[in-house]
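My request is simple: use the sequences and hints to build the entire structure.
Residue numbers (our numbering): 1 to 141.
Since the hints were derived computationally from the structure, they do not count as laboratory data. Hints may contain errors.
As the list claims (entries may be wrong) - The list that follows gives simulated cross-link-like pairs (lysine to any residue, SDA-like), each with its CA atoms no further than 25 Å apart: (1) 140 with 76; (2) 35 with 98; (3) 60 with 98; (4) 60 with 49; (5) 72 with 138; (6) 27 with 124; (7) 140 with 26; (8) 73 with 44.
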Amino acid sequence: MQKLCEEFLNLTTTLDLSELKSEKEFKTKLVEFFKFLQKTENQIYKLMLYVAMYRKEQFKVFNDIFNINIYKKIEAVVKQGTINWGYSKKINIKLHVRLLMYSIYFFTIQQQVFGADKIEKFNMNDVINTAVDNFLHGIKT
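Quick look at the structure:
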């Protein structure tokens, strides 16, 4: 379990959104990050589900780490995008970021952990690109 926890924590440090010059770069970084997460072993997803359901205090620690290393970084870029790239100033940035993240997480868990891919398989690259496109569209309106 310790090895899986360490692997999870390593995942959270791979998203580098510093020095973005355009929305296109932002999109590319998001897509690359989510594709990187797709390489994660099912054991990590199972660990996260277990921790979320049965180890609430540990889940809070994991969530705080994800909040700092992932969510806050994306939120900061979106906030800058309201100034530089024409993103709507009226949107709930935190909500939009969570919807992006959770849509991909839960889609992945449904497909890879729960085995829905054996019933109806989706190309995860298409899922990621669609989710990121929807996210970017949503923060502009």
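Do the hints match the structure? See the list:
1. 140 with 76: Holds. Residue 140 to residue 76 sits at ~15 Å (cutoff 25 Å).
2. 35 with 98: Roughly 17 Å separates the two Cα atoms, so the pair holds.
3. 60 with 98: holds, 16 Å
4. 60 with 49: Cα-Cα ~13 Å, so holds.
5. 72 with 138: holds, 18 Å
6. 27 with 124: Given pair residue 27, residue 124 holds - Cα atoms ~16 Å apart, limit 25 Å.
7. 140 with 26: holds, 14 Å
8. 73 with 44: holds, 22 Å
Violated hints are absent here; each numbered hint is respected by the structure.
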